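The residues making up each chain are set out below.
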Amino acid sequence: MKRNKFGQSEMVGFVLIVVIVVVAAMIFLVISLRKDSGEILKSVDVENLISAVMEYTTGCAIVYEPNYESVEDLIVSCADNEICSNLDLPACDYLNETLDNLMSGLVLTESQISAYQVDVFEKEGEEKLIPTVSSGGCRGGVSKAQKLIPTSNSDIVFMIILCKSDV
Amino acid sequence: MVAKRAQFQIQQMAFMIVAVVIFFVLVGMFFLVYQSRNLQGNYEQLQKDEAISSLSVLANIPELSCGSLCLDLDKVEVMANKDYSDFWALGSVKVYQVYPESSSIVKCPAPNCNYWEVYDSGQKNIKEYSTFVSVCRKKSEQGSVYDQCEIGKLVLGVEE
Numbered sequence: 001m002k003r004n005k006f007g008q009s010e011m012v013g014f015v016l017i018v019v020i021v022v023v024a025a026m027i028f029l030v031i032s033l034r035k036d037s038g039e040i041l042k043s044v045d046v047e048n049l050i051s052a053v054m055e056y057t058t059g060c061a062i063v064y065e066p067n068y069e070s071v072e073d074l075i076v077s078c079a080d081n082e083i084c085s086n087l088d089l090p091a092c093d094y095l096n097e098t099l100d101n102l103m104s105g106l107v108l109t110e111s112q113i114s115a116y117q118v119d120v121f122e123k124e125g126e127e128k129l130i131p132t133v134s135s136g137g138c139r140g141g142v143s144k145a146q147k148l149i150p151t152s153n154s155d156i157v158f159m160i161i162l163c164k165s166d167v
Numbered sequence: 001m002v003a004k005r006a007q008f009q010i011q012q013m014a015f016m017i018v019a020v021v022i023f024f025v026l027v028g029m030f031f032l033v034y035q036s037r038n039l040q041g042n043y044e045q046l047q048k049d050e051a052i053s054s055l056s057v058l059a060n061i062p063e064l065s066c067g068s069l070c071l072d073l074d075k076v077e078v079m080a081n082k083d084y085s086d087f088w089a090l091g092s093v094k095v096y097q098v099y100p101e102s103s104s105i106v107k108c109p110a111p112n113c114n115y116w117e118v119y120d121s122g123q124k125n126i127k128e129y130s131t132f133v134s135v136c137r138k139k140s141e142q143g144s145v146y147d148q149c150e151i152g153k154l155v156l157g158v159e160e
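So the protein lines, in turn, are chains G and E. Sequential numbering from 1 applies to the first sequence in the working numbering. Sequential numbering from 1 applies to the second sequence in the working numbering.
Don't read these hints as lab results, they were simulated from the structure. Being a predicted model, the structure only gives us computed values, none of them experimental. Note that CB positions come from ideal geometry on N, CA and C, so glycine has one too. Please note that a few of the clues may not be correct.
Each computed DSS-like pair below joins lysine-lysine, with the alpha-carbon atoms no more than 27 angstroms apart [what the hints assert, rightly or not]:
1) G:K144 - E:K94
2) G:K42 - E:K94
3) E:K4 - G:K42
Calculated Cβ distances over 12 angstroms to all of chain E for the following chain G residues [said to hold, decoys possible]:
4) P90
5) G125
6) L129
7) R139
8) I149
9) I161
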């Protein structure tokens, strides 16, 4: 009887050790997996891409040719519901088309970029000025950057998220 | 008999303690390897960010710049066409136009060129870092002059 009890207490001790080890391993796994999958890094490279995209000269002239709008000016014109007088197109439609062409062109030259997403939205209310421009399937690390564009009505956020194989 | 049983129990406990210690050492080693790999990744990312920040400094020098992260292609052409090897303490400085995209890379000076080799020291062990910049040049249309800016890449080579 005494021997049986002794065996039982040893088993309970062993089971306790196993349970503690399994729980510790689970906690470690959950923390490391969460860190790997959800994290979006703020990237200097994407910040520089945003600066370059903002300066890009579009084919839209709101007032007269050749006073062409840069992407940044075009975003402000889109927020003000202006029209490209030389193309007879709403600024927002042309902005959407320009960003789509620009980002798909960049993906062609940059083999590291597997997917992208561009959002232009109002800071307050987060109402989108144009539909999200995106393409590709994400492989590798995700990095993002954003720029705040002040306008007369409300500030606008321009955000690029890139999936890059080398991040 | 009792002494033998006690000895056996002590032996059993010793084995158990050794097994537990070995197990925790293995887990600790696994954890350390994982952490050091993370640390290495973070270090490489920081190094890359630092290199890109240096690129921003280079893009803003008056000899090339037309604004923040903006390269004046007229200045770039002048720098590319003359030997300024004393000026650059670097392995190489190259500028590519990446958008509007071209089917091939054409070195300047040439018609429809999209690549400027500003400087090449000829060194072989060079590690290249690049960042996006806007590349602008003055254009004239209907009697008015304006800046036509496109998207480019500034590539900097440093000796490894």
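Of the numbered hints stated previously, which ones are contradicted by the structure, given in increasing order? 3
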